[in-house]
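Asks: Read off the chains here:
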Amino acid sequence: MNYQELIVNNLDRILDFWLLLDDKGKIIYCSQLIYRELGYCEADIIDQPFQMFFPANDPGSADYFYQLLFDSYSGSVVNQKTRIKLKNGVIIDIELSLYQLDTEHNYILIAFNNITEVVEIRKKVKSKIESLYKELNLFDNRTIYESIQDFIDTILVSITAGQGLRFNRGFLFLVDEDEGVLRGIQAIGPGSGEEAGMIYSDFDSAPKTLSEMIEHYKLMIDTDSAVNTILTDVQINMSDYQNVLIKALSSQKYILISDEYPLINEPSVIWLREMLQVHECAVIPLLWHGRSTGVIVVDNQVTRSQITTHDIKGITRYAESATNALESAKLMNSLDMSINQIKQANLKIRESQEILVQKEKLAVMGEMVAHMAHEVRGPLATIGGYASRVYKQMDESDRHYDSISRIVEVVGTLELVVNDILDESMPEEEVTMGCDCSKAINKVLNILEEEIHLRKVSVSMNIQGDLPDINIKDHHLFEIISNLVRNALEAIDNDGLLLVLASSIDNHVVITIQDTGAGIQSDVEGKIFSPFFTTKREGTGLGLVVVKKLVEENGGTIQVRSVLDKGTTFIISFPVEPDGVENGG
Amino acid sequence: MADKKRLLIIDDDKNMRELLELEFKDQDYDVITAENAFEGLQVLKNESVDLVVLDIKMPGMDGIEALEKIVSIYRELPVVIHSAYSHFKENYLTWSAVAYVIKSGKFDELFETVKTHI
Chain H
1 MNYQELIVNN LDRILDFWLL LDDKGKIIYC SQLIYRELGY CEADIIDQPF
51 QMFFPANDPG SADYFYQLLF DSYSGSVVNQ KTRIKLKNGV IIDIELSLYQ
101 LDTEHNYILI AFNNITEVVE IRKKVKSKIE SLYKELNLFD NRTIYESIQD
151 FIDTILVSIT AGQGLRFNRG FLFLVDEDEG VLRGIQAIGP GSGEEAGMIY
201 SDFDSAPKTL SEMIEHYKLM IDTDSAVNTI LTDVQINMSD YQNVLIKALS
251 SQKYILISDE YPLINEPSVI WLREMLQVHE CAVIPLLWHG RSTGVIVVDN
301 QVTRSQITTH DIKGITRYAE SATNALESAK LMNSLDMSIN QIKQANLKIR
351 ESQEILVQKE KLAVMGEMVA HMAHEVRGPL ATIGGYASRV YKQMDESDRH
401 YDSISRIVEV VGTLELVVND ILDESMPEEE VTMGCDCSKA INKVLNILEE
451 EIHLRKVSVS MNIQGDLPDI NIKDHHLFEI ISNLVRNALE AIDNDGLLLV
501 LASSIDNHVV ITIQDTGAGI QSDVEGKIFS PFFTTKREGT GLGLVVVKKL
551 VEENGGTIQV RSVLDKGTTF IISFPVEPDG VENGG
Chain G
1001 MADKKRLLII DDDKNMRELL ELEFKDQDYD VITAENAFEG LQVLKNESVD
1051 LVVLDIKMPG MDGIEALEKI VSIYRELPVV IHSAYSHFKE NYLTWSAVAY
1101 VIKSGKFDEL FETVKTHI
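Chain order of the listed sequences is H and G.
Per our numbering, residue 1 is the first one in the first sequence, and the count goes up by one each step.
Per our numbering, residue 1001 is the first one in the second sequence, and the count goes up by one each step.
Looking at chain H on its own, in the form it has when it is part of the complex (with noise of 0.2 angstroms):
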């Protein structure tokens, strides 16, 4: 058997391509392949320098060949970078390595393989890489990332997008400062062959724009389930510095996992490589203005490329900014929750003090109805004085008698209105307690006789005959009563009916003062014990407010029933007094 050309026939199977040169440097055999792709035929070839290949204006080309031989003095250089130039002129990316095949004879055997496309896909790498970084500058126009959520899918694709940094798979842990642990955060990365086959089959149909990467990431985001499952429950004590993780974390540097690190017997080196089911992987730790905030852990645990140092760079530079821009988010987010705080606050504030100003308003008012109470007194003592003093010496027969008795009546009810207001009472005064609701009803009709006379007003009135007492001023039913009675014929205006009913109903007087007259919108029903609500021209809004204060204060109730154009029906109800129990003075 001719062993020789055993060999070069079968050396195409080994290796892509070959050459072999003799003492001279002159090649004097070479692949079939180097004839079939880089457009060679054997008259270029044969019988010629190694440095034909090298492109004629590359500066220092020549002297390379020689550089390469001295190199190999002991024997090989291997898996050296190159460039050579093909025959149509192409130039191409080689990765060659030399041995020396007999030092007697000088015979040189030159292997080489294209690597121009890993080439072109590391530079398309690494310009994805600074446009990445570029882009990532951009995490401090947050108004893109509304959360640290989509912080972490923003670092987790990149470093996985076919477009980014390449890795098959990703894993962020965190440190947790107030637990004093380092805890699995997220994974991305096909969970197996056949998911990372769906996925990488996608790299060119992949959208471009990071933020289109992440929306793809997010639908994604279940398939992902299988690889984040690695990380449930992951969380390593900070103390644990023997831990390959944290080891990293504390020494802020990247640590390269592969067969030749040197700890691989370590358990958590062990844990690690098992729990991703890999050989090969690096931590990168994440650092923030001189503080370890966690790892990136990247494998490429599908494809089983190595991990080179050029990829380590890229992705350590990359942790760089993308640790800022989380650290900021972060920062961001916790500035968000103050500035919410500070928001409710402020919100709370500016209830109370509407509050206050309400109260305010009310203790102005207030105020303000005690001054003119004061003032009307004056006016009102000096009315009564006098009409007093003409009452007691008129004689019965008198024709104004009346007209004088009913004006020292009316101006004694009005000064006690005033001491109501003022929330004063004559202390001299005899008050009885025990009121008879028939009496304080006549009392109101016959004063207001000439304007139901005046409204052409019928008046119907059913008072039960025995109707018990009640626990009531006098002139506080009267005030009731009065006031009612008035709005009821200031809503008839005109021919109406006014109807007023007392009876007792288990153990209570009821009296219900009904008019056929306006009615109230239902929209303002609820209004109208409001102070200063009113309807009227002139009115100042405090008639029903002082009716409801006084039954309520004499443990009545008002009921207020009306209907629109049909009229308002007005229902007061007190309690009975017990028998028994001793009149008030």
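Hints in this document: simulated from the structure, not taken from any laboratory.
From a predicted model like this one, the values you see are computed outputs, not experimental measurements.
Among these hints, one or two may not hold up.
[Unchecked claim] Calculated lysine to any residue pairs in the SDA-like style (CA-CA distance at most 20 angstroms, straight line): (1) H:K87 to H:D47; (2) G:K1057 to H:A373; (3) H:K548 to H:L362; (4) G:K1057 to H:K87; (5) G:K1106 to H:D402; (6) H:K85 to H:Y3; (7) G:K1025 to H:V376; (8) G:K1069 to G:E1047; (9) G:K1106 to H:V376.
Fit chain G to the supplied structure of chain H, relying on the hints for placement.
Replies: Only chain G this time, still in chain H's reference frame:
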């Protein structure tokens, strides 16, 4: 003449002042009126008075200031405050008066008070 008790009524409200004069005269008192505190103090200098009925809200010198002056000069002279303002009752400056009656159309309380302190 000698057995009639003499009152000084100080009130800036003409209607009230004249009404009180009529009413107290009816009650058999000798009545002198003054329409402000200065005039009232002037009266006290020249006339002997058994009791003063004093309003509080008055232009110029108010009743509280007048009261201070009166009680500092005429220590034994009873002063009854007669005011529409009830809240001055809480003012300790008015406490040197013998009584505080709130104005009303019914004079029963005022008559009673004056009768008690004269």
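Asks: For every hint, state whether the structure bears it out.
Replies: So, going through the hints one by one against the coordinates:
Proposed proximity of H:K87 and H:D47 is supported: the alpha carbons are some 16 angstroms apart, at most 20 angstroms. Between G:K1057 and H:A373 the alpha-carbon distance is near 14 angstroms, which keeps this suggested pair within the 20 angstroms criterion. Proposed proximity of H:K548 and H:L362 is supported: the alpha carbons are some 18 angstroms apart, at most 20 angstroms. About 121 angstroms separates the Cα atoms of G:K1057 and H:K87, which puts this hinted pair outside 20 angstroms; it is violated.
Between G:K1106 and H:D402 the alpha-carbon distance is near 18 angstroms, which keeps this suggested pair within the 20 angstroms criterion. The straight-line distance between the Cα atoms of H:K85 and H:Y3 is roughly 33 angstroms, outside the 20 angstroms bound, and the hint therefore fails. In summary, the hint linking G:K1025 to H:V376 is not supported, as the alpha carbons are separated by about 26 angstroms, beyond the 20 angstroms threshold. Note on G:K1069 and G:E1047: the hinted pairing holds, with a Cα-Cα distance of about 16 angstroms set against a maximum of 20 angstroms.
Restraint check for G:K1106 and H:V376: the C-alpha separation of about 15 angstroms stays at or below 20 angstroms, so the hint holds.
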